[in-house]
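For chain S, the structure is supplied; the task is to place chain D with the ligand on it using the hints.
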Amino acid sequence: MGELSSVWRESSHRYRLVAHGCGNCKAVYFPPRDICPKCHRDSIGKMKEMELSGRGKIESFTVVHDVPPAFIRQRPYVLALIRLDEGPTLTAQVVDCDPSEVALGKRVRSVFRRVREDGKSGIIQYGYKFVLE
Amino acid sequence: MTEVHIIGSGETKFGEMWDRSLRELAVEAGLKAVEDAGIYSRDIGILYGSSSLAGTLNLQNDIGSLLADFSGIASNGIPAVRIESSSSSGAAAVREAYLAIRSGEYDVAMVGGVEKMTDIYGSEILDIVGTTLDREWETFFGGTPAAMAAISARKYMHDFKVGKEAMSMISVNDHANASKNPNAHYRNKITLEAAMKSTPVADPLNLMDCSPISDGAAALILASEKFARSVGKDGVRIKSSAIAQDYLALHSRDSIYTLNSTILAGKTAFEKAGLKHSDVSFVELHDSYSIYGLMELEDLGFCKKGKASELVMDDIGLTSSLPVNPSGGLKAKGNPMGATGVGQFVEGYLQIRGKAGERQVKNASTGLLHSMSGTGSTSVVHILGGA
Ligand SMILES: [Zn+2]
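The listed protein sequences correspond, in order, to chains S and D.
Per my numbering, the very first residue in the first sequence carries number 1; after that it's consecutive.
Per my numbering, the very first residue in the second sequence carries number 1; after that it's consecutive.
Pulled out of the complex, with its shape left as it was, chain S reads as follows (with noise of 0.2 Å):
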């Protein structure tokens, strides 16, 4: 289906880690938000682009074994929930590791990727995964 356009429109949030940091109430937001969702209207044109470190804590995590089609090259592989310094938690692989050397807690830290790679069309979607400090 057609990704062309959706991958190059999130790509600098993807490839650099941009968030969304609220000029009202300094919250951090990662996927960013053009809203708020505690200052709402008070937070309308005060969201800031902010860069952010990739270090964080692994939250939880699951060693996926049942992949989609464009991850059936990279099975099975760890999905985490990651809590970054600045606040913000994300969804994403955890690489370059045993799954059996992953744990709740540990530091980790982002580097960017390949992230998947659909069959039909070929296309090829890059990305941040993390891997352990």
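If you are wondering where the hints come from, they were derived from the structure by calculation, not from laboratory data.
Backbone N, C-alpha and C fix where the C-beta goes; we use that ideal spot for every residue, glycine too.
Heads up, a few of these hints could be off.
Simulated pairs of lysine to aspartate or glutamate, EDC-like, Cα-Cα distance not exceeding 16 Å [unchecked claim]: (1) S:Lys38 <-> D:Glu124; (2) D:Lys155 <-> S:Glu59; (3) D:Lys197 <-> D:Asp159; (4) D:Lys305 <-> D:Asp159; (5) S:Lys120 <-> D:Glu124; (6) D:Lys180 <-> D:Glu358; (7) D:Lys233 <-> D:Asp107; (8) S:Lys26 <-> S:Glu86; (9) S:Lys48 <-> S:Asp34; (10) D:Lys305 <-> D:Asp254; (11) S:Lys120 <-> D:Asp127; (12) S:Lys106 <-> S:Glu59.
Listed next, with one range per pair, are the computed distances between beta-carbon atoms [as the list claims (entries may be wrong)]: (13) S:Ala103 <-> D:Ser278: 38 to 46 Å; (14) D:Asp315 <-> S:Lys38: 39 to 47 Å; (15) S:Asp34 <-> D:Ser21: 40 to 48 Å.
Which bits of chain S does chain D cover? Going by a derived footprint, with three or more residues having C-beta under 8 Å, they are [to be verified]: (16) 44–57; (17) 100–109.
Relative to chain S, chain D with the ligand alone:
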């Protein structure tokens, strides 16, 4: 405002039905419900179709029109729209029908939920069920519904020091009850040992923790008190209806094992019904993944947070003080997504009238039905009966 009664129900068998199409399934359930209600098609004032994924799975949208057309009532010109809210579409459609009658605008409403899932082969189905998550920020990075449930499960097990057997027990109970339900996808009983050792899907969840890919349809006829009386039907009253929302993506929530939408919808449903937890004779839970069964029992208020394992390991069978999923639940009755929530009402309607056969819960007067989207973005809670 008028009371709203269920006066008829119908469903197909749930399962892998290679020889049945989307429309055949939908029409079969719809006609059974009309027949059961003993009404004529001219009595129906409005129709709500529900399907979670038909647009992507079967390349067929406009399920409301499809249902009206092939039930033979298109020329009546009645409104027929589709309600979609991911895996809670069916329950959300029943709620819309409830509101339509409760407002006084219509006397009789029909709800038809359907999903035809087995026309897709292999792992491509994961791309499609993945649309129930946040596509840009979960699915894009390798998230699947099972993976997100597994992420909640691991932290839950860690923080509350709960072993895997509590989750497996949810599935064991589902299969035991489904063995008594002729419409269930799986009618085999499973042992706790087998449930714990099955094929890994997304660690710590295995195949026996995950609801299957099912075909199926379910339908209901709802009516105002006045209409129900005019045709001499008591039916089963929908005592209360509630729906609530949470963040779409799991990572945006404060707690990954607390279902805020379920807490809110449950609380509202009890308040509106004027009932207590001890009044409930049985519950139907949206256990698309076994871990959700535990989280839902807690977030609906049947036990304290982190304590569902005690309840589940004690007894949740048909003769216990709180029978869970007498129908067989999503794990064993099956999960044809747009039909699943409507199917819970079919079970509730049978149970409260004492027509549930071998799986009948004794003195079933009040049932709580819980349906949920994805990882908990929407929860819908209904309380039936309450007499
Ligand atoms: Zn703010």
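Going through the hints against the structure:
1. Our distance criterion of 16 Å between C-alpha atoms is broken by Lys38 (chain S) and Glu124 (chain D), whose separation comes to about 38 Å.
2. Simply put, Lys155 (chain D) and Glu59 (chain S) have alpha-carbon atoms about 8 Å apart, close enough for the 16 Å limit, and the pair holds.
3. The suggested pairing of Lys197 (chain D) with Asp159 (chain D) is violated, with an alpha-carbon distance near 23 Å, which exceeds 16 Å.
4. With a CA separation close to 11 Å, the supplied pair Lys305 (chain D) and Asp159 (chain D) stays within the 16 Å bound.
5. As the CA atoms of Lys120 (chain S) and Glu124 (chain D) are separated by approximately 12 Å, the hinted pair is consistent with the 16 Å bound.
6. Between Lys180 (chain D) and Glu358 (chain D) the CA atoms are separated by roughly 6 Å; this keeps the pair inside 16 Å, and the hint holds.
7. Using a Cα cut-off of 16 Å, the hinted pair Lys233 (chain D) and Asp107 (chain D) holds, with the two alpha carbons roughly 14 Å apart.
8. Our distance criterion of 16 Å between C-alpha atoms is met by Lys26 (chain S) and Glu86 (chain S), whose separation comes to about 11 Å.
9. Distance restraint check for Lys48 (chain S) and Asp34 (chain S): the Cα-Cα separation of roughly 9 Å lies within the 16 Å cut-off, and the hinted pair is therefore satisfied.
10. Of the supplied pair hints, the one linking Lys305 (chain D) and Asp254 (chain D) holds, its CA atoms being roughly 15 Å apart against a limit of 16 Å.
11. Restraint check for Lys120 (chain S) and Asp127 (chain D): the C-alpha separation of about 13 Å stays at or below 16 Å, so the hint holds.
12. The straight-line distance between the Cα atoms of Lys106 (chain S) and Glu59 (chain S) is roughly 8 Å, inside the 16 Å bound, and the hint therefore holds.
13. Distance hint check for Ala103 (chain S) and Ser278 (chain D): the Cβ-Cβ separation is about 41 Å, which falls inside the suggested range of 38 to 46 Å.
14. Taking the beta carbon of each, Asp315 (chain D) and Lys38 (chain S) are about 43 Å apart, inside 39 to 47 Å as hinted.
15. Checked against the hint of 40 to 48 Å, the pair Asp34 (chain S) and Ser21 (chain D) passes, with Cβ atoms roughly 42 Å apart.
16. Here's how the stretch 44–57 of chain S fares: 0 of its residues keep a CB closer than 8 Å to some CB of chain D, so the rule of at least three is not met and the hint is violated.
17. Counting residues of the stretch 100–109 of chain S whose C-beta sits closer than 8 Å to any C-beta of chain D gives 1, which falls short of three, so the coverage hint is violated.
The structure fails hints 1, 3, 16 and 17 (numbered hints given earlier, in ascending order).
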